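Protein chains in written order, with my numbering: chain A, 1 to 116; chain B, 1 to 117.
If you're looking for bench data, these hints aren't it; they were derived computationally from the structure.
Computed from a predicted structure; not experimentally measured.
Yeah, the Cβ is synthetic: ideal placement off N, Cα and C, and Gly gets one too.
Where hints are given, some of them may not hold.
[As the list claims (entries may be wrong)] Straight-line alpha carbon distances no greater than 20 Å define the calculated SDA-like cross-link-like pairs of lysine to any residue that follow:
1) 103/A / 57/B
2) 103/A / 31/B
3) 41/B / 40/A
4) 103/A / 60/B
5) 103/A / 99/B
6) 41/B / 42/A
7) 41/B / 22/A
8) 103/A / 46/B
9) 41/B / 46/A
10) 38/A / 43/B
11) 111/A / 40/B
12) 3/A / 59/B
13) 103/A / 104/B
14) 38/A / 114/A
15) 103/A / 32/B
16) 38/A / 80/A
17) 103/A / 39/B
18) 41/B / 8/A
19) 20/B / 43/A
20) 3/A / 46/B
21) 38/A / 42/B
22) 111/A / 45/B
23) 41/B / 7/A
24) 38/A / 46/B
25) 103/A / 59/B
26) 41/B / 12/A
27) 38/A / 91/B
[Claimed, not checked] Some but not every residue of chain A turned toward chain B, in silico, with C-beta under 7 Å:
28) 43
29) 44
30) 45
31) 47
32) 50
33) 106
34) 108
35) 109
[To be verified] Estimated spans, in silico, between C-beta atoms of each pair:
36) 13/B / 64/A: 37 to 45 Å
37) 59/B / 74/A: 24 to 32 Å
38) 74/A / 14/B: 43 to 51 Å
39) 78/A / 17/B: 45 to 53 Å
40) 53/B / 78/A: 39 to 47 Å
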Amino acid sequence: AQKVTQAQTEISVVEKEDVTLDCVYETRDTTYYLFWYKQPPSGELVFLIRRNSFDEQNEISGRYSWNFQKSTSSFNFTITASQVVDSAVYFCALSGPTYNFNKFYFGSGTKLNVKP
Amino acid sequence: GAVVSQHPSWVICKSGTSVKIECRSLDFQATTMFWYRQFPKQSLMLMATSNEGSKATYEQGVEKDKFLINHASLTLSTLTVTSAHPEDSSFYICSAPMIQGTNSPLHFGNGTRLTVT
Chain A
1 AQKVTQAQTE ISVVEKEDVT LDCVYETRDT TYYLFWYKQP PSGELVFLIR
51 RNSFDEQNEI SGRYSWNFQK STSSFNFTIT ASQVVDSAVY FCALSGPTYN
101 FNKFYFGSGT KLNVKP
Chain B
1 GAVVSQHPSW VICKSGTSVK IECRSLDFQA TTMFWYRQFP KQSLMLMATS
51 NEGSKATYEQ GVEKDKFLIN HASLTLSTLT VTSAHPEDSS FYICSAPMIQ
101 GTNSPLHFGN GTRLTVT
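Next comes chain A alone, as it looks inside the complex (with noise of 0.2 Å):
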């Protein structure tokens, strides 16, 4: 069965920190799609991220950074020099194969406090 797990509810920083959220998934398909998005307290879900299950090539986006690695099934992200507009809940969620596209299964969420 698929599942997400974000292990750390919440974590506090202090403004230009290095932060990783950790993400662990489960899967039995070959084919699967990893996201993050960013829940600001307004409550809308900003989408981050997509990485298919086929590349594991790691990404940067400004201060941004995901590391892929299908060994360990995790999808962490790093938040570098970490800012007070960083502070959301992020989730991680997972999406099956292209048949079974509407399953997105969210974690539990990470709530990321930064602090000035």
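Using the hints provided, position chain B relative to the given structure of chain A.
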């Protein structure tokens, strides 16, 4: 700007009444939309898949007679919580795939916070 609009943002209703939540896709047609529910400090749980022109597909454990879904047009899906009770109080969020018919990332609405007194 937002590509999925959800209304209302919040609603307070009395136990036993029904509440309708609207989800609209802006600037694109959505043959499929999804309704999620989020309890405080918890994850999003998929409730149902709303299909334009056909019946919604409900996830296991979701009461279809309580959570009525109507996908009236290619840009509008509604979720009606019938005979609401305090335990229905939650944050309801709709979404639609950026590219229909695929597992592309989802556009999410801003959510509706329902409080049943």
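Taking the hints in turn, this is what the structure says about them:
1. Taken as a hint, the residue 103/A and residue 57/B pair is honoured in the structure, with Cα atoms around 12 Å apart against an allowance of 20 Å.
2. In summary, the hint linking residue 103/A to residue 31/B is supported, as the alpha carbons are separated by about 16 Å, within the 20 Å threshold.
3. With a C-alpha separation of about 13 Å, the suggested pair residue 41/B and residue 40/A falls inside the 20 Å cut-off, and the hint holds.
4. Simply put, residue 103/A and residue 60/B have alpha-carbon atoms about 12 Å apart, close enough for the 20 Å limit, and the pair holds.
5. Between the alpha carbons of residue 103/A and residue 99/B the distance comes to roughly 15 Å, so the proposed pair stays at or under 20 Å and holds.
6. With a CA separation close to 14 Å, the supplied pair residue 41/B and residue 42/A stays within the 20 Å bound.
7. A distance of roughly 17 Å separates the Cα atoms of residue 41/B and residue 22/A; the hinted pair therefore holds under the 20 Å criterion.
8. The hinted pair formed by residue 103/A and residue 46/B meets the criterion: a straight-line CA distance of about 8 Å does not exceed 20 Å.
9. Using a Cα cut-off of 20 Å, the hinted pair residue 41/B and residue 46/A holds, with the two alpha carbons roughly 17 Å apart.
10. With a C-alpha separation of about 12 Å, the suggested pairing of residue 38/A with residue 43/B holds against the 20 Å cut-off.
11. Annotation: proposed proximity of residue 111/A to residue 40/B holds, straight-line Cα distance about 12 Å (limit 20 Å).
12. Pair hint residue 3/A plus residue 59/B holds up; C-alpha atoms about 16 Å apart against a cutoff of 20 Å.
13. Pair hint residue 103/A plus residue 104/B holds up; C-alpha atoms about 12 Å apart against a cutoff of 20 Å.
14. About 14 Å separates the Cα atoms of residue 38/A and residue 114/A, which keeps this hinted pair within 20 Å; it holds.
15. For the hint linking residue 103/A to residue 32/B, the alpha-carbon distance of about 12 Å falls within 20 Å, and the restraint holds.
16. Pair hint residue 38/A plus residue 80/A holds up; C-alpha atoms about 16 Å apart against a cutoff of 20 Å.
17. Distance restraint check for residue 103/A and residue 39/B: the Cα-Cα separation of roughly 19 Å lies within the 20 Å cut-off, and the hinted pair is therefore satisfied.
18. With a CA separation close to 12 Å, the supplied pair residue 41/B and residue 8/A stays within the 20 Å bound.
19. A distance of roughly 19 Å separates the Cα atoms of residue 20/B and residue 43/A; the hinted pair therefore holds under the 20 Å criterion.
20. Taking the CA atoms of residue 3/A and residue 46/B, the gap is about 13 Å. The hint holds against a cut of 20 Å.
21. Straight-line distance between C-alpha atoms of residue 38/A and residue 42/B comes to about 14 Å, which keeps the hinted pair within the 20 Å bound.
22. Taking the CA atoms of residue 111/A and residue 45/B, the gap is about 18 Å. The hint holds against a cut of 20 Å.
23. Taking the CA atoms of residue 41/B and residue 7/A, the gap is near 13 Å; set against the 20 Å cutoff, the hint holds.
24. With a C-alpha separation of about 17 Å, the suggested pairing of residue 38/A with residue 46/B holds against the 20 Å cut-off.
25. Distance check on the hinted pair: residue 103/A and residue 59/B sit about 10 Å apart at the alpha-carbon level, within 20 Å; holds.
26. Proposed proximity of residue 41/B and residue 12/A is supported: the alpha carbons are some 16 Å apart, at most 20 Å.
27. For the suggested pair residue 38/A and residue 91/B, the alpha carbons sit about 16 Å apart, so the restraint of at most 20 Å is met.
28. A least Cβ separation of about 4 Å between residue 43/A and chain B falls short of the 7 Å threshold, and the interface hint therefore holds.
29. Here the hint on residue 44/A is kept, as its CB sits about 5 Å from the closest CB of chain B, short of 7 Å.
30. A hinted interface residue such as residue 45/A counts as satisfied when its beta carbon comes closer than 7 Å to some beta carbon of chain B; here the least separation is about 4 Å, so the hint holds.
31. For residue 47/A, the interface hint holds, since its Cβ comes within 7 Å of a Cβ in chain B; the closest pair sits about 4 Å apart.
32. A least Cβ separation of about 5 Å between residue 50/A and chain B falls short of the 7 Å threshold, and the interface hint therefore holds.
33. The restraint placing residue 106/A at the interface with chain B holds, with a minimum CB-CB distance near 5 Å, inside the 7 Å limit.
34. For the restraint placing residue 108/A at the interface with chain B, the shortest Cβ-Cβ distance is roughly 5 Å, inside the 7 Å limit, so the hint holds.
35. The restraint placing residue 109/A at the interface with chain B holds, with a minimum CB-CB distance near 6 Å, inside the 7 Å limit.
36. Checked against the hint of 37 to 45 Å, the C-beta distance between residue 13/B and residue 64/A comes to roughly 40 Å, which is consistent with it.
37. At roughly 26 Å, the beta carbons of residue 59/B and residue 74/A sit within the given window of 24 to 32 Å.
38. Between residue 74/A and residue 14/B the beta carbon distance is about 46 Å. The supplied range of 43 to 51 Å therefore holds.
39. Checked against the hint of 45 to 53 Å, the pair residue 78/A and residue 17/B passes, with Cβ atoms roughly 46 Å apart.
40. Hint check: residue 53/B to residue 78/A, Cβ distance near 43 Å, so the stated range 39 to 47 Å holds.
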